[in-house]
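Peer 1: Protein chains in written order, with the numbering used here: chain A, 73 to 499; chain B, 73 to 499; chain C, 73 to 499; chain D, 73 to 499.
Derived from the structure by calculation, the hints contain no laboratory data. Here the structure is a predicted model, which means the values were calculated and not measured. Heads up, some of the hints might be wrong.
Just so you know, same-sequence chains aren't split out, so a pair can sit in one copy or run between any two.
Computed list of lysine-lysine pairs in BS3-like fashion (alpha-carbon distance at most 27 Å, straight line) [to be verified]:
hint, residue 1, residue 2
1, Lys112, Lys441
2, Lys109, Lys141
3, Lys172, Lys141
4, Lys169, Lys483
5, Lys141, Lys496
6, Lys419, Lys237
7, Lys408, Lys169
8, Lys112, Lys141
9, Lys441, Lys497
10, Lys107, Lys483
11, Lys112, Lys142
12, Lys237, Lys184
13, Lys109, Lys142
14, Lys441, Lys496
15, Lys169, Lys496
16, Lys141, Lys237
17, Lys172, Lys483
18, Lys107, Lys141
19, Lys141, Lys407
20, Lys142, Lys107
21, Lys172, Lys237
22, Lys141, Lys441
23, Lys172, Lys446
24, Lys408, Lys483
25, Lys112, Lys172
26, Lys301, Lys112
27, Lys169, Lys107
28, Lys107, Lys497
4 protein chains.
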Amino acid sequence: MITTSEMTETDLSIFESLESEVRSYCRSFPTVFEKAKGYKLWDTQGTEYIDFFSGAGALNYGHNDPVMKKTLIDYLSGDGIVHSLDMATTAKEQFLKRFKEVILEPRNLDYKVMFPGPTGTNTVESALKLARKVTGRNTVISFTRAFHGMTLGSLSVTGNAFKRKGAGIPLSHTVSMPYDNYDDNVDSLTLLERYLEDEGSGIDLPAAIILETVQGEGGINVASSEWLKQVEQICRRWDILLIVDDVQAGCGRTGTFFSFEPAGIRPDLVCLSKSLSGFGVPFAVTLIRPDLDQWAPGEHNGTFRGHNLAFLAATEALRFWETDTFAQEIQRKGKKTRSSLEQMIGKHPDLNGEVRGRGLMLGIAFSGKGFAEKVCAEAFQRGLIMETSGPDGEVAKLLPPLIIDHEGLEKGLAILEESITETKKAL
Amino acid sequence: MITTSEMTETDLSIFESLESEVRSYCRSFPTVFEKAKGYKLWDTQGTEYIDFFSGAGALNYGHNDPVMKKTLIDYLSGDGIVHSLDMATTAKEQFLKRFKEVILEPRNLDYKVMFPGPTGTNTVESALKLARKVTGRNTVISFTRAFHGMTLGSLSVTGNAFKRKGAGIPLSHTVSMPYDNYDDNVDSLTLLERYLEDEGSGIDLPAAIILETVQGEGGINVASSEWLKQVEQICRRWDILLIVDDVQAGCGRTGTFFSFEPAGIRPDLVCLSKSLSGFGVPFAVTLIRPDLDQWAPGEHNGTFRGHNLAFLAATEALRFWETDTFAQEIQRKGKKTRSSLEQMIGKHPDLNGEVRGRGLMLGIAFSGKGFAEKVCAEAFQRGLIMETSGPDGEVAKLLPPLIIDHEGLEKGLAILEESITETKKAL
Amino acid sequence: MITTSEMTETDLSIFESLESEVRSYCRSFPTVFEKAKGYKLWDTQGTEYIDFFSGAGALNYGHNDPVMKKTLIDYLSGDGIVHSLDMATTAKEQFLKRFKEVILEPRNLDYKVMFPGPTGTNTVESALKLARKVTGRNTVISFTRAFHGMTLGSLSVTGNAFKRKGAGIPLSHTVSMPYDNYDDNVDSLTLLERYLEDEGSGIDLPAAIILETVQGEGGINVASSEWLKQVEQICRRWDILLIVDDVQAGCGRTGTFFSFEPAGIRPDLVCLSKSLSGFGVPFAVTLIRPDLDQWAPGEHNGTFRGHNLAFLAATEALRFWETDTFAQEIQRKGKKTRSSLEQMIGKHPDLNGEVRGRGLMLGIAFSGKGFAEKVCAEAFQRGLIMETSGPDGEVAKLLPPLIIDHEGLEKGLAILEESITETKKAL
Amino acid sequence: MITTSEMTETDLSIFESLESEVRSYCRSFPTVFEKAKGYKLWDTQGTEYIDFFSGAGALNYGHNDPVMKKTLIDYLSGDGIVHSLDMATTAKEQFLKRFKEVILEPRNLDYKVMFPGPTGTNTVESALKLARKVTGRNTVISFTRAFHGMTLGSLSVTGNAFKRKGAGIPLSHTVSMPYDNYDDNVDSLTLLERYLEDEGSGIDLPAAIILETVQGEGGINVASSEWLKQVEQICRRWDILLIVDDVQAGCGRTGTFFSFEPAGIRPDLVCLSKSLSGFGVPFAVTLIRPDLDQWAPGEHNGTFRGHNLAFLAATEALRFWETDTFAQEIQRKGKKTRSSLEQMIGKHPDLNGEVRGRGLMLGIAFSGKGFAEKVCAEAFQRGLIMETSGPDGEVAKLLPPLIIDHEGLEKGLAILEESITETKKAL
């Protein structure tokens, strides 16, 4: 455990004086990080932290994967081209070929690959634009507690009131519908379909429905396969495009490369980013059903669509997906972790804890106001990095690197349990 | 010169079959790039190209600057933390300190630094959001031929009709006014001020005015210092925020670090990206007048705000700005290049060429439809990378790396001259 | 019954050649009307019609009420001022005084009276504007199948897809929620409240909720008193303004002057028009909770706010409300009519008819596609004017004048029954 | 002149306590009007006023025209149908026939007639809807200082900032361009055309341009015939619909029935209301180029589209247009009045008065803040009703009834002159 005296030695003054007030995680984790490897981080004072956060899902393969690292160093050493806009490069060529071989073909998926700019919000904005352009319709349906990004288009399909206010203008052309299990009294898809078939519903026929199969920022809410299939059927019936935002839930986080694989659905557009590069460098793609690829050349562009370090690392990351082993490992670890969490909350029935999630995208929802936040603060004091999610920060979220070993997982879970106990004592 | 037979050997099939139709530059430069150094690129067949494009302004310091490269390799080798969201890291700390010392303090500028996500459109969206939030107003005034990005908010202040149509929905909350010298019959700022002071103008008092001091994508249109000063005065008089989008014109491109320095204006918000990282990796900051930094923690966020490779390279890039030498060199090269361009078009008065630009952000506008595009195609055949800009692609644009040497500049200009002559012959 | 040969003698050519294609009722009732009195109309050929339509609810007191008529003739004869903008006139003074004495005071209602222009859409637009202005919020919640008017603001809170498309632009700043009994699987107010209390719902806190207590155009859908009370409580809890659009359901149509009286609610804003003038001349008022009357002078205006013929007739119409007798009569006739309708559909169980409504705002919903329309066409052939409503025109709507006598009601109902029987035969 | 003691006897308390704060003209003219005939009004105390306001242009034929009055009384006495939605009636038939014979045919105009609801804002909204629907475009271009109405669509094309704020939401889908002579430094149509032909202007190709040929509320600004012709040419060149809002300037106010006749243009859509009924009762039509009449039946509707008293009076009003005499009379009176106004301001060069207008739509703009308002207040004290217009109320507006006789005009002008002199003295 880090003592208070050590903490105070960390000098955060440059951040406090020069960086914008918008900074947030550095407030929850008030230290200066320096090194990282696998599932561990170290700050400038040499304190070690176990990572149950994984860069909000951007580090599924852990920090500084040695194979990727070597590839990047070799490439840099050989003066490989680093920035190339959307020109053809060997690094991009390899990524495209490997992505097709390792990801698309084995899953019988036929998509065109768009590089929309290197972040999650870039891919979401590109998908929304294309869906509206192709259908000639304006409205996009999103779901309660959705999180899709911070630029104007993505923010319009994001549920969080606090984030929405940041727009400074009314957010338009969207309709928010209840997510799976949002409310016991509402059968969300019955209502949606009712709206669509009723010429008097006031809901204009949408261009697209956009969803996360597991809502990360929204509080680790899991949509059932049945619900996802019904959404897909509604889309087919009404000729609505289905966009799966797999930015956080994709790249193996829930146990399969795409989070929608278990549901057996086939989205029209898929958004990938975060862990796609495998190394934590900015990267995103939009996957497009071929007949929908109606972009004119250059109709959407961006300076950092050709980030070759990302192409390289992402290509290396695909090695994890050549066989089923990695997916099975994630699922095994997921079950194990889930079971540990169930045990933990079983010991504290008064906390009304609820375990949520799928694969290694997990969380405990606590009913006590501010409880989850305190648990995470206690965990940090003990060397574990975890964050909250949900509209009121009511969920302690676990996103350990998928490559975490037995020891790391156990150690992290032990700290979490201790943190819950300590937080409860302090009530 | 690359022969046609060589060209056909390049296999672009994977890009054609798998990458979205939205790809564009790879159509103008149909080869596969592999390596790059300084102002040169090489494709897989070993053909060498001189770079007069610089990644659309993202490579002002050339490709693979050796000092930055060494820093990155060392950092990677030592398992420095690569991805850190908005947590404090040593790499970020150094960037903040150096940026303050080398850039802000010597220019007497007092700004808070926001990391809004790593691309140009992220910084523009963050500036628009903050301006609207702080003022409580909706409208933002932009200018004809402006280019600010492809996500919904940035696209709303972008002039290009083709790009705007990509949104699929009407773009709102913005007013487009004539840029400096847009039309000989319109005194653009007189009209703007008339609108503002007239309670019956139908133009709502705006939150902000956003502008580029030199419009890159819009056709290398240069705003005079006098015009910029007047815009600033209008902003002050009406309590409107002034946002300078220095994504393309900044980082030395026009001869000073910020493009607005010669005009002596002091924007309330500044958007930087493209060459900010120095190495072509995604990076952006939004500079905020301290009293406007009214963000709540986390009100705007994003996964790739903490891209430490970018912090490192960006910190190294600041070495160019420790003295005035680099700026003077850019200005000297700019004058020299401009003079060469003037000579070139002087030899072909029938082409009605017009040299435009400032510093090393230059272009020749040709009146003949498609002429500039053909010149760039000829240049590529001769080993020079150049692109067009302007609403009809009527401008052959020159953005050589600022670090280009005498030989490279001369060689590139010679190819350009030859390309113009050849294109004219083929008319 | 009118024979076909007679019908063909009616010359509608001037309407067909000169009037816009937008005309509609003249297609359902293809004759030229000339005179009207009480519950009867006559066309140019002297054919008599019983009116079960009452000008879509604008003629609750029947055609050409003799007292109002005399007042108007006397006023005109005496050169009373007819058009006065929003200047003070004796006619307006009398209306204000009487409206206060006869309507507001006995019901313990304290409202400021706004004259927003003489039509339903004028009053709705004024209420929406004021609600947004006073609260500083943008969103207004309306309900499925709502009908509030055809101008842009009112159309945005109208559910009908066909009407909405007429706008030619996306309709914004509104959220459509399920009306009472919209769907058996959805507890509409539970969902609404869930949305409001959830900071992640994606539904921005609204300025107002607008509703009709009985939806006329939407298909004679009746909200229960319990539901209305709950809506009011939600409004109070969240500081949302409650707007009751009583344009069609008000002025006694449902059995009390205001349709919301039985529910015991107290809307913040009330919209009245249609039968308010009593004589079928254009007139509307917006009733405003006094502390919300934050208009600046002239902030909303309009040429026909001072239609003195309407003030006069409306003042006379208030005589019906001096005692409870008229309300009791409406309720008695309503019950009687409802019972007749129940009997009618009881005879044809295969038609799946459903009686709907409250007071003398009644309808029969038929499940057969186009059945209700055919019934109304048969009724017209037999001398009864009735129209359909509902998103698919599935409801045969009964809006007889409230002053209709026993004979008229019986005669109309007999024709309706005959029309149902005939329509069924022709299936 | 009314003495102060008399004034105080007028009891306005019911208006002050019960009517909304939005009331405005009753504040400028604080008395209770009772009777009116021709160009005269009388209040309850018998004070006589000369009307130079004509109900903001709704009483071009004066108050209580005896022929119209008799027609209305006879119709009412005979129980003619008063309210008929959009059903065919004899009154409507006569109006359509006569409008075609007297107005459309002699002017070689071929329009379909739409009854969009009885007010100016109804006709404007219908024209905007149809233009957007037919073209499939969103943007409508309006002009600085335009006034088109108070409902959301009309307000979006209205220039006045104070009125716009009343919307409570941002007004969208419109672009405001400089009106003719808006600013000496701006050639407004050159700029407009520049915007349209420039693919980078940021102005989306509009559905329509809407304009008033003389802006009434905007300050009696007159567009030249040359300018109107150029606007029409621009519309033809770019396939943009031209909407002339002739609500205030039409029906003879400027010297011809349609205000656009002298310019020789042929709008695609024309909005008429105000004086159309001739008697001050609510009435409006939208004239539609036949091939644009693409409404589906009922796609736009409204309760008071069939206001038969308006049809009757409007038909009678057409008698004024059977020969050229009335138009010539208006023009003669207009010239005479203008000349008187020129003389008046000639006597007070220090007031910087500027005479504006066309026909009998005239005004004097005064540069002194609040001067025009004081002049009108003085005039009222002397028995003359006049109002101000312009964004700062800087114009004393003259809209005498077109039927005013020599004596009335002279008397009114004498009071105006006296009022100017008195106001100046009090400075």
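Peer 1: Indicate, hint by hint, whether the structure satisfies it.
Peer 2: Against the structure, the hints:
Taking the closest pair of Cα atoms, Lys112 and Lys441 never come within 27 Å of each other, the shortest separation being 30 Å inside a single copy and 59 Å across copies. With identical chains, the CA atoms of Lys109 and Lys141 are at most 27 Å apart both within one copy (11 Å) and between copies (21 Å). In this assembly of identical chains, Lys172 and Lys141 lie within 27 Å of each other by CA distance solely inside one copy; the values are 23 Å within and 31 Å between copies. In this assembly of identical chains, the alpha carbons of Lys169 and Lys483 never lie at most 27 Å apart, being 39 Å within a copy and 36 Å across copies at closest.
Proximity of Lys141 and Lys496 under a CA criterion of 27 Å is satisfied in neither setting, with 42 Å inside one chain copy and 50 Å between copies. When the C-alpha separation of Lys419 and Lys237 is checked against a cutoff of 27 Å, the pair qualifies neither within a copy, at 39 Å, nor between copies, at 58 Å. For a Cα distance limit of 27 Å, the shortest separation of Lys408 from Lys169 qualifies neither inside one copy, at 35 Å, nor across copies, at 45 Å. For the identical chains of this complex, Lys112 and Lys141 are neighbours both inside a copy (16 Å) and across copies (26 Å), given an alpha-carbon limit of 27 Å.
Proximity of Lys441 and Lys497 under a CA criterion of 27 Å is satisfied intra-copy only: 15 Å inside one chain copy versus 66 Å between copies. Within a single copy, Lys107 and Lys483 get their C-alpha atoms as close as 20 Å, which meets the 27 Å cut-off; across copies the closest is 44 Å, which misses it. Taking the shortest Cα distances, Lys112 and Lys142 sit within 27 Å of each other both inside one copy (19 Å) and across copies (25 Å). Within a single copy, Lys237 and Lys184 get their C-alpha atoms only as close as 35 Å, which misses the 27 Å cut-off; across copies the closest is 21 Å, which meets it.
Taking CA atoms no more than 27 Å apart as the test, Lys109 paired with Lys142 passes in both settings, with 14 Å inside one copy and 20 Å between copies. For the identical chains of this complex, Lys441 and Lys496 are intra-copy neighbours only, at 12 Å inside a copy versus 63 Å across copies, given an alpha-carbon limit of 27 Å. Within a single copy, Lys169 and Lys496 get their C-alpha atoms no closer than 52 Å, and across copies no closer than 41 Å, so neither meets the 27 Å cut-off. Proximity of Lys141 and Lys237 under a CA criterion of 27 Å is satisfied in neither setting, with 40 Å inside one chain copy and 41 Å between copies.
In this assembly of identical chains, Lys172 and Lys483 lie within 27 Å of each other by CA distance neither inside one copy nor across copies; the values are 38 Å within and 41 Å between. Within a single copy, Lys107 and Lys141 get their C-alpha atoms as close as 14 Å, and across copies as close as 19 Å, so both meet the 27 Å cut-off. Taking the shortest alpha-carbon separations for Lys141 and Lys407, neither the intra-copy value of 30 Å nor the inter-copy value of 43 Å comes in at or below 27 Å. In the homo-oligomer, the alpha carbons of Lys142 and Lys107 lie at most 27 Å apart both inside one protomer (17 Å) and across protomers (18 Å), since each shortest distance falls under that limit.
Taking CA atoms no more than 27 Å apart as the test, Lys172 paired with Lys237 passes in neither setting, with 40 Å inside one copy and 31 Å between copies. Taking the closest pair of Cα atoms, Lys141 and Lys441 never come within 27 Å of each other, the shortest separation being 42 Å inside a single copy and 48 Å across copies. For the identical chains of this complex, Lys172 and Lys446 are neighbours neither inside a copy (44 Å) nor across copies (35 Å), given an alpha-carbon limit of 27 Å. Proximity of Lys408 to Lys483 under the C-alpha cut-off of 27 Å is restricted to the intra-copy arrangement: shortest distance 13 Å within a copy versus 64 Å between copies.
For a Cα distance limit of 27 Å, the shortest separation of Lys112 from Lys172 qualifies neither inside one copy, at 32 Å, nor across copies, at 31 Å. With identical chains, the CA atoms of Lys301 and Lys112 are never at most 27 Å apart, being 38 Å at best within one copy and 52 Å at best between copies. Within a single copy, Lys169 and Lys107 get their C-alpha atoms only as close as 33 Å, which misses the 27 Å cut-off; across copies the closest is 20 Å, which meets it. In the homo-oligomer, the alpha carbons of Lys107 and Lys497 never lie at most 27 Å apart, since the shortest distance is 34 Å inside one protomer and 60 Å across protomers.
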